[in-house]
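S.K.: Single-letter residue listing:
Number of protein chains: 2
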Amino acid sequence: METRPSTALLTDMYELTMVDSALENGMGDRQCVFEVFTRRFPAARRFMVMAGVARILEGLERFQFDESQLRYLANNKIVGSKTIQFLENYRFTGDIIGYPEGEVFMVNSPILTVQGTFAEACLLETYLLSVLNFDCAIASAASRMTIAAHGRPCLDMGARRAHERAAVSAARAAQIGGFAGTSDLEAGKRYGIRAIGTAAHAFTLLFETEEEAFRAQIKTMGPQTTLLVDTYDVEAAVETAVRVAREAGGELGAVRLDSGDLVAGAFKVRKQLDDLGAKSTKITVTNDLDEYAIAGLGAAPVDSYGVGTKLVTGSGIPTASLVYKLVARENDSGVMEPVEKKSAEKSTKGGLKWAGRVVEDNTAQTELLVTGTDEGGANQFFAERGARALQQTFVRGGEIDTSWIGQEALARAQQRHLDSRNELPYQAWRLSEGEVAIPTEFVHLDQ
Amino acid sequence: METRPSTALLTDMYELTMVDSALENGMGDRQCVFEVFTRRFPAARRFMVMAGVARILEGLERFQFDESQLRYLANNKIVGSKTIQFLENYRFTGDIIGYPEGEVFMVNSPILTVQGTFAEACLLETYLLSVLNFDCAIASAASRMTIAAHGRPCLDMGARRAHERAAVSAARAAQIGGFAGTSDLEAGKRYGIRAIGTAAHAFTLLFETEEEAFRAQIKTMGPQTTLLVDTYDVEAAVETAVRVAREAGGELGAVRLDSGDLVAGAFKVRKQLDDLGAKSTKITVTNDLDEYAIAGLGAAPVDSYGVGTKLVTGSGIPTASLVYKLVARENDSGVMEPVEKKSAEKSTKGGLKWAGRVVEDNTAQTELLVTGTDEGGANQFFAERGARALQQTFVRGGEIDTSWIGQEALARAQQRHLDSRNELPYQAWRLSEGEVAIPTEFVHLDQ
Numbered sequence: 001m002e003t004r005p006s007t008a009l010l011t012d013m014y015e016l017t018m019v020d021s022a023l024e025n026g027m028g029d030r031q032c033v034f035e036v037f038t039r040r041f042p043a044a045r046r047f048m049v050m051a052g053v054a055r056i057l058e059g060l061e062r063f064q065f066d067e068s069q070l071r072y073l074a075n076n077k078i079v080g081s082k083t084i085q086f087l088e089n090y091r092f093t094g095d096i097i098g099y100p101e102g103e104v105f106m107v108n109s110p111i112l113t114v115q116g117t118f119a120e121a122c123l124l125e126t127y128l129l130s131v132l133n134f135d136c137a138i139a140s141a142a143s144r145m146t147i148a149a150h151g152r153p154c155l156d157m158g159a160r161r162a163h164e165r166a167a168v169s170a171a172r173a174a175q176i177g178g179f180a181g182t183s184d185l186e187a188g189k190r191y192g193i194r195a196i197g198t199a200a201h202a203f204t205l206l207f208e209t210e211e212e213a214f215r216a217q218i219k220t221m222g223p224q225t226t227l228l229v230d231t232y233d234v235e236a237a238v239e240t241a242v243r244v245a246r247e248a249g250g251e252l253g254a255v256r257l258d259s260g261d262l263v264a265g266a267f268k269v270r271k272q273l274d275d276l277g278a279k280s281t282k283i284t285v286t287n288d289l290d291e292y293a294i295a296g297l298g299a300a301p302v303d304s305y306g307v308g309t310k311l312v313t314g315s316g317i318p319t320a321s322l323v324y325k326l327v328a329r330e331n332d333s334g335v336m337e338p339v340e341k342k343s344a345e346k347s348t349k350g351g352l353k354w355a356g357r358v359v360e361d362n363t364a365q366t367e368l369l370v371t372g373t374d375e376g377g378a379n380q381f382f383a384e385r386g387a388r389a390l391q392q393t394f395v396r397g398g399e400i401d402t403s404w405i406g407q408e409a410l411a412r413a414q415q416r417h418l419d420s421r422n423e424l425p426y427q428a429w430r431l432s433e434g435e436v437a438i439p440t441e442f443v444h445l446d447q
Numbered sequence: 001m002e003t004r005p006s007t008a009l010l011t012d013m014y015e016l017t018m019v020d021s022a023l024e025n026g027m028g029d030r031q032c033v034f035e036v037f038t039r040r041f042p043a044a045r046r047f048m049v050m051a052g053v054a055r056i057l058e059g060l061e062r063f064q065f066d067e068s069q070l071r072y073l074a075n076n077k078i079v080g081s082k083t084i085q086f087l088e089n090y091r092f093t094g095d096i097i098g099y100p101e102g103e104v105f106m107v108n109s110p111i112l113t114v115q116g117t118f119a120e121a122c123l124l125e126t127y128l129l130s131v132l133n134f135d136c137a138i139a140s141a142a143s144r145m146t147i148a149a150h151g152r153p154c155l156d157m158g159a160r161r162a163h164e165r166a167a168v169s170a171a172r173a174a175q176i177g178g179f180a181g182t183s184d185l186e187a188g189k190r191y192g193i194r195a196i197g198t199a200a201h202a203f204t205l206l207f208e209t210e211e212e213a214f215r216a217q218i219k220t221m222g223p224q225t226t227l228l229v230d231t232y233d234v235e236a237a238v239e240t241a242v243r244v245a246r247e248a249g250g251e252l253g254a255v256r257l258d259s260g261d262l263v264a265g266a267f268k269v270r271k272q273l274d275d276l277g278a279k280s281t282k283i284t285v286t287n288d289l290d291e292y293a294i295a296g297l298g299a300a301p302v303d304s305y306g307v308g309t310k311l312v313t314g315s316g317i318p319t320a321s322l323v324y325k326l327v328a329r330e331n332d333s334g335v336m337e338p339v340e341k342k343s344a345e346k347s348t349k350g351g352l353k354w355a356g357r358v359v360e361d362n363t364a365q366t367e368l369l370v371t372g373t374d375e376g377g378a379n380q381f382f383a384e385r386g387a388r389a390l391q392q393t394f395v396r397g398g399e400i401d402t403s404w405i406g407q408e409a410l411a412r413a414q415q416r417h418l419d420s421r422n423e424l425p426y427q428a429w430r431l432s433e434g435e436v437a438i439p440t441e442f443v444h445l446d447q
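Same order as they appear, the protein sequences are chains H and G.
Note that the UniProt record's numbering gives residue 285 to position 285 of the first sequence, counting from 1, and the numbers run on in steps of one.
Note that the UniProt record's numbering gives residue 209 to position 209 of the second sequence, counting from 1, and the numbers run on in steps of one.
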């Protein structure tokens with residue numbers, strides 16, 4: 001087993017200086033509530049998809065400062081000795097609740113809420129946001145692609161177009177958005193995702209002739225493999241591919257098209273395959289696809305989509321624009337009170353929020369965000385309004401609920417996303433620019 | 001010291017299946033030349049910036065398969081037992097040459113060339129591309145921002161808007177593009193980059209009043225700190241900030257504006273600071289900046305720029321669209337020969353390429369890509385044409401030249417980028433959409 005590295009310095013310096021100053025001024029242990037949400041969606045997102053919870057929980061386990069990290073902070077005078085002592089023993093001891101992976105969310109949805117002392121909760125800001133901003137962006141793009149694919153499998157082939165570690169996380173987020181496999185082996189190994197892939201143009205070019213390359217690939221992988229047919233001439237390659245597979249005793253599994261006009265190419269190749277009697281041979285396409293290109297291929301005889309660049313870069317929206325804001329804290333008298341900043345265009349709505357979704361006739365109507373009450377009061381209100389509660393508990397008193405981590409949790413997240421997406425009104429599924437799927441209603445219960 | 005994990009599975013499955021089939025068919029040890037280049041630039045890039053070499057070399061050191069990785073590959077039947085044996089002993093033993101970090105590059109520039117057997121060079125494809133596609137995209141965006149900033153410092157504050165590990169690499173790439181610091185502590189520690197940051201709105205909200213928060217921050221960090229002045233009312237905050245700093249015995253270092261119209265805001269705050277006699281107090285701005293917003297602030301009294309989202313997402317171009325293509329290989333007779341694929345719109349120019357840049361009157365004119373000769377022949381040709389050779393050796397016979405790694409190498413890369421950028425014709429510096437800075441000329445020397 002490899003040892004995974006500490007996550008504690010995946011942190012902006014100002015979190016450390018704030019903690020330093022808070023501790024020095026006796027404010028470090030004030031109880032606080034921080035909330036992750038987004039203030040607005042880009043026009044090309046009608047809903048977004050929660051992803052990254054399992055990664056957060058795994059990283060939280062490793063959010064501890066080792067000796068070399070503490071030395072760095074001390075030597076560079078980023079914090080003082082009192083804070084070094086605090087960090088030496090740092091473990092998050094508070095609570096984290098939020099939307100489970102796969103659940104859709106809207107503008108202002110409190111997708112993650114962190115409760116703890118200022119010092120312990122402040123430190124997590126950048127780490128939590130980095131994970132959620134990336135994973136939610138990718139899962140949201142993936143969901144649009146699987147909507148456009150109408151049940152045909154979408155496969156992640158984007159590793160090379162993303163940072164090498166981000167690619168591993170992107171493969172996981174794509175699964176939550178409905179993808180059916182990944183080319184990335186680290187993601188295959190770490191998350192139990194089905195790994196896919198056969199050969200690139202380089203393999204064909206390695207041999208003197210295309211036929212030799214096809215023979216070699218089929219010898220190793222069998223006739224059920226996928227052959228890449230556009231290195232030289234597609235028509236000649238398809239003929240060779242089918243023939244070589246049959247000579248090896250089977251019908252060819254699939255051909256892959258990676259260039260040219262894929263719609264025209266798919267029709268042409270399908271006809272050729274059918275004329276050759278290779279009716280079971282499938283066609284997979286892979287050239288710079290996004291949700292619009294996938295939709296455009298809807299009428300073409302294509303069996304699966306390999307998606308690269310546009311998936312791992314969030315199809316134009318590479319970050320979910322989530323923020324982490326203090327919404328409540330203990331006052332001088334030890335009483336929790338809501339706080340709100342008043343910056344131009346960037347105000348925050350104060351108070352711990354409970355989230356529920358009103359669903360009528362199996363269709364989501366409204367995202368309810370309730371303040372001024374406890375969980376029991378919120379749940380009672382949700383029952384009256386026909387809403388289901390959206391938040392789950394991930395960490396309680398520092399104890400991580402590990403049922404949110406692992407291969408089964410990922411499968412549940414994929415199913416949860418399908419269910420949650422199916423509940424949205426039809427216009428939420430449209431790829432065009434438009435409004436957020438359902439409105440958000442703030443309700444303050446004065447209890 | 002933390003142990004950094006293996007990079008060997010940051011790899012697309014098809015690289016393993018190709019190696020498997022090549023080894024089975026006796027083609028694995030054919031000598032090959034693979035080349036990294038891009039076929040086109042987006043309209044908003046007139047040049048791009050090489051970055052990621054040091055990360056590649058560090059990762060190459062750790063590109064070895066451990067037991068659990070081999071077990072994964074075997075159990076999932078991704079490769080056969082002969083390949084498992086090959087991978088057990090895998091170490092790259094070939095050569096890698098390319099553009100040094102900071103150097104600009106053009107369309108078709110061979111920024112990295114890998115020579116080795118098919119099996120050993122094929123395996124590196126995804127890892128090399130992931131690093132270069134991300135790092136070059138960020139360095140290129142950073143360069144446009146530092147051009148727009150005209151000497152005012154640009155600071156990376158984007159960690160929260162990128163994948164948590166990508167953020168660390170982004171901070172490094174931004175330095176190459178001319179940035180002066182980062183908020184990301186892991187990048188500060190790992191690469192020796194100057195770490196920056198003071199406080200967020202949460203710190204102000206933690207206290208009953210803004211004045212208490214300012215006092216607390218100044219008590220810990222001194223009057224030279226930067227105070228965030230837009231939590232409530234900017235004008236009141238600036239007055240408080242200057243006063244509190246003076247009461248602590250100094251003039252305030254800087255104020256930070258993070259919302260509203262930054263141009264108008266900067267003029268207003270500058271006037272207020274000057275009226276208060278705080279002429280040395282600087283203004284830093286940080287709200288969703290990109291190169292255009294920075295350019296728009298050129299006439300405003302701003303002293304530094306904190307850039308987040310747009311830096312770490314490549315300012316609209318989140319990947320450099322680099323590809324890794326086989327351009328030459330040994331034939332049946334053991335002679336190296338160029339290979340080219342002929343796919344529609346995606347053809348490759350075959351042959352090992354030597355790159356030089358013609359510079360006249362200190363201005364770059366042409367990128368020369370020479371095939372059909374060895375390094376000596378190319379250098380002679382470059383001398384005749386007034387070109388400087390662009391490629392350097394990073395790995396020779398598997399031996400990594402470690403002078404390309406580390407803090408000094410990073411400082412040299414930053415200087416190299418300035419020099420290389422200064423050499424480009426003026427239109428290359430324009431932020432508007434346009435043509436690639438200098439044309440690329442392919443020259444085949446028949447020797």
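By construction, these hints were calculated from the structure, which means they are not laboratory data.
Treat the hints with care, since some could be wrong.
One copy or two, either will do: identical chains are not told apart, so a pair holds if it fits within one copy or between any two.
[To be verified] List time: in silico DSBU-like cross-link candidates among lysine-lysine, alpha-carbon distance up to 35 Å: (1) 349 to 271; (2) 282 to 77; (3) 271 to 82; (4) 189 to 271; (5) 342 to 279; (6) 82 to 268.
S.K.: Evaluate each hint against the coordinates.
M.R.: Right, here's what the structure says about each hint:
1. When the C-alpha separation of residue 349 and residue 271 is checked against a cutoff of 35 Å, the pair qualifies only between copies, where the shortest distance is 32 Å, while the shortest distance within a copy is 59 Å.
2. For the homomeric pair residue 282 and residue 77, the shortest alpha-carbon distance between copies (22 Å) is at most 35 Å, but the shortest distance inside one copy (62 Å) is not.
3. Taking identical chains as interchangeable, the C-alpha atoms of residue 271 and residue 82 are never at most 35 Å apart, the minima being 74 Å within one chain and 39 Å between chains.
4. Taking the closest pair of Cα atoms, residue 189 and residue 271 never come within 35 Å of each other, the shortest separation being 38 Å inside a single copy and 59 Å across copies.
5. Proximity of residue 342 to residue 279 under the C-alpha cut-off of 35 Å is restricted to the inter-copy arrangement: shortest distance 27 Å between copies versus 64 Å within a copy.
6. Taking the shortest alpha-carbon separations for residue 82 and residue 268, neither the intra-copy value of 72 Å nor the inter-copy value of 39 Å comes in at or below 35 Å.
Of the numbered hints listed earlier, those contradicted by the structure are 3, 4 and 6.
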